[in-house]
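Residue-level listing of the chains:
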Amino acid sequence: MGRQINICHLYPDQLNLYGDRGNMLALSCRARWRGIGLRIIPVEPGDQINFEQCDLLFMGGGQDSDQLLVAADLKKRQADLRRTIEAGMPVFAVCGSYQLLGNYYTAVSGEKIGGLGILDLYTEAGDKRLIGNAVISCGLWQPARTLVGFENHAGKTYCGPGLQPLGTVLKGFGNNGSDQKEGAVYKNVIGTYLHGSLLPKNPWLADHLLVKALEYRGQDSFLSELDDTTEIKAHHAAVYLARSWRHRMGSTRV
Amino acid sequence: MNATHKETMRTGGLTNRLFQVKKTGAIMVGKTLIAATRLLGRGGTTLPGRMAIRIKADLTEHLAAQLNQGTLVVTGTNGKTTTTALIRNILKAAGYSYIHNQSGSNMSWGVASALVASTSWRGTINADWALLEADEGAFPKIVQDTCPFVVMVTNIFRDQLDRFGEIDRIQDAIDRGLQLQPAGGFQVVNADDPSLISLGGAEGKKRLTYGLELDLPEDNFKNTGRDTKTCPLCKKKLVYKRIYFAHLGHYYCPSCSFRRPLPDVQLTGLKINADGTSRLEIKASGSQICINSPLPGTYNYYNLLAALTCALALQVPESIAVDALETANPSFGRMENFTVDNRELVMALIKNPVGANEVLRTILNKAEKATLLVAINDKIADGTDVSWLWDVDFEQLAAGSDLLSTTFASGLRAWDMAVRFKYAGLDQRLIQVDENSGNALRRSLQATPPGGKLYILPTYTAMLEIRRHLNQMGYGRPYWEER
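Chains as they are written, first to last, in our numbering: chain A, -10 to 243; chain B, 503 to 985.
Among the hints, a few may not be true.
To be verified - Quick list of in silico lysine to any residue cross-link-like pairs, SDA-like style, CA-CA up to 20 Å:
no.	chain 1	residue 1	chain 2	residue 2
1	A	Lys101	A	Val59
2	B	Lys738	A	Ala60
3	B	Lys737	A	Asp2
4	B	Lys785	B	Asp717
5	A	Lys222	B	Gln930
6	B	Lys594	B	Gln817
7	B	Lys643	B	Gly572
8	B	Lys738	A	Gln52
9	B	Lys731	A	Gln52
10	B	Lys739	A	Gly35
11	A	Lys160	B	Ile882
12	B	Lys525	B	Lys594
13	B	Lys739	A	Glu33
14	B	Lys739	A	Lys101
15	A	Lys160	A	Met238
16	B	Lys738	A	Pro34
17	A	Lys222	B	Gly927
18	A	Lys117	A	Gly99
19	B	Lys738	A	Asp36
If you're looking for bench data, these hints aren't it; they were derived computationally from the structure.
Computed from a predicted structure; not experimentally measured.
Looking at chain A on its own, in the form it has when it is part of the complex (with noise of 0.2 Å):
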């Protein structure tokens, strides 16, 4: 039998907010122009996930009214969750499911939102939005790479000291637009601000994912080498406008 993963997508119907489309799109075409099997598997509120047949748990962002819903739903699995998740499951939280994954949430109101505590780290509601294309150098690799995105949210995050960033902040706001650090690492759990979407545009770390959800599963992990010319040139066209000080004043918005 040949090799399959299987992806629970997370309330794809309330957490679809900026193109996570496109990071569903790129780990599938990649397991698929290698002759990999995958399988995505839509979780709705209320659903029962079976975390056994799951290789890679995949969480996006969504509005705040739809936030508070989806947090109430997976309260309700977050033995399961953090069970699984100590055992290795790989899972990859874009933006409001990465606040999710945090200890707490701090509203403008004051009024604090409990997490998952999954992720050591917490995040306040900030007075103005950080927006815009970003750059960072990424740890999970040697030597480091970049990997290039968008990042829009209003909240800050703040990690806990034994909690690994994703990167390095090289251009753009990061997690609070102040300690230069980006996103968070915890056993297979990545967590990032970016999107954009993130995954087409950095190749390397849709591979990650891939071999992270094999190995995962006891799968053999080698990936054979596909034709990136056209993401690594996305790649290198996006770094550029997203350190070129022209670009930078005709698409910032004051």
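Fit chain B to the supplied structure of chain A, relying on the hints for placement.
Below, chain B without anything else, positioned relative to chain A:
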């Protein structure tokens, strides 16, 4: 409103004289800048207004107060420009004079530019109506400044999230604008969009709704760009009996009383004529109206209904409105046609998933072989976040790939677009990338055989670039010119 303003202007006093000086100054600066930017070959739709309101912050308010009849404001994610163009035709046919802000310059400074351009150097305006297209974010401010008699909201889709943050905020802005409209006016609202129907602000104002009453095949692309799916009152998932596209359709909440109202203006029948035009049968306030329109696509049926509903609010005779709607051609960059060197060039602006999906579907429905050029910029007017490209169903193109010859990706985000094409499953050998929109235009014209068709799908600023190139080649008219 009118009377009070005029009163203030007539009475003397230092403040008023100062006010006059500042106002005249603002108008003069604005008018000079408009003349200057046009000399430079630009549209002059942003800077002059910006400078004028910097000098006199409430300039728009004072100019709008001079209108003989009042103001009409159109907002919403998609269809603003076409709906505005349709209403313009109606106003013209009904013998009204009007001022309008063209070419999508729909922020508050765009409105100021338009008003200043039509003001005499002495500061007087002589027009019946100001017909204004308003960006959703600028809508509350524009309503506050112009006190419109009619406000129209077409729909709310996912659009330019880099700016608004989230869809909830767009909804808030529109809600605020509706509240700010003075009593006695009309609100024209799309009944098929559940995110609009819940918005308040109708007190003392008459609400007119329009919608489709058709049996159409359901939307195939339910997963892309559907934003409002929960009941605005109780947050339960809405149930649809019919979906026309995205989240527009016949909805109701299974657990509370929220449901689609029966529209005042209904599209009850639809036929595509032999010449490709659409025959629309419409039921409005008891009478049956028939319109033959050259505008293609479901989204244009909504635009036609919106304009007709506005005509009813203005009490324009039915026959005049129908005539005006039937002769309306596609507006600025909305399926606009050019003939270049014996090649048919069709330009259709794309800016968000729902609009782009509808454009793609309309193109593929034509089922003729064509070249395609998609030009994506990420400047402020385009939306600086290009992740929306991933919510567009470009997979449709792969499915209909026998219709496409070469496909070009261009603009600042040409490579993002090329990656999108690749993951949509388009044949890699047919994809050409050229970031320079002028080169891409020339190359795509070369790739189109004589007698053939070239579709250009640009974002807003990419469209302005391409239009400039076309003008230089001697085709089309400059975008600031009155049509």
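Status of each hint after checking the structure:
A threshold of 20 Å between alpha carbons decides the hint, and for lysine 101(A) with valine 59(A) the separation of about 16 Å falls inside it, so the pair holds. Note on lysine 738(B) and alanine 60(A): the hinted pairing holds, with a Cα-Cα distance of about 16 Å set against a maximum of 20 Å. As the CA atoms of lysine 737(B) and aspartate 2(A) are separated by approximately 13 Å, the hinted pair is consistent with the 20 Å bound. Of the supplied pair hints, the one linking lysine 785(B) and aspartate 717(B) holds, its CA atoms being roughly 16 Å apart against a limit of 20 Å.
A distance of roughly 14 Å separates the Cα atoms of lysine 222(A) and glutamine 930(B); the hinted pair therefore holds under the 20 Å criterion. For the hint linking lysine 594(B) to glutamine 817(B), the alpha-carbon distance of about 14 Å falls within 20 Å, and the restraint holds. Among the hinted pairs, lysine 643(B) with glycine 572(B) is consistent with the structure: their alpha-carbon atoms are about 16 Å apart, no more than 20 Å. About 16 Å separates the Cα atoms of lysine 738(B) and glutamine 52(A), which keeps this hinted pair within 20 Å; it holds.
Restraint check: the Cα-Cα separation between lysine 731(B) and glutamine 52(A) comes to about 12 Å, which is no more than 20 Å; the hinted pair holds. The suggested pairing of lysine 739(B) with glycine 35(A) holds, with an alpha-carbon distance near 13 Å, which does not exceed 20 Å. Of the pairs offered as hints, the one joining lysine 160(A) and isoleucine 882(B) holds, with about 19 Å between alpha carbons and a cut-off of 20 Å not exceeded. Restraint check for lysine 525(B) and lysine 594(B): the C-alpha separation of about 30 Å exceeds 20 Å, so the hint is violated.
Of the pairs offered as hints, the one joining lysine 739(B) and glutamate 33(A) holds, with about 12 Å between alpha carbons and a cut-off of 20 Å not exceeded. The straight-line distance between the Cα atoms of lysine 739(B) and lysine 101(A) is roughly 27 Å, outside the 20 Å bound, and the hint therefore fails. Taking the CA atoms of lysine 160(A) and methionine 238(A), the gap is near 14 Å; set against the 20 Å cutoff, the hint holds. Our distance criterion of 20 Å between C-alpha atoms is met by lysine 738(B) and proline 34(A), whose separation comes to about 12 Å.
Taking the CA atoms of lysine 222(A) and glycine 927(B), the gap is near 18 Å; set against the 20 Å cutoff, the hint holds. For the proposed pair lysine 117(A) and glycine 99(A), the alpha carbon gap of about 16 Å is at most 20 Å, so the pair holds. Using a Cα cut-off of 20 Å, the hinted pair lysine 738(B) and aspartate 36(A) holds, with the two alpha carbons roughly 16 Å apart.
Taken one by one, the earlier hints fail for this structure at numbers 12, 14, listed in ascending order.
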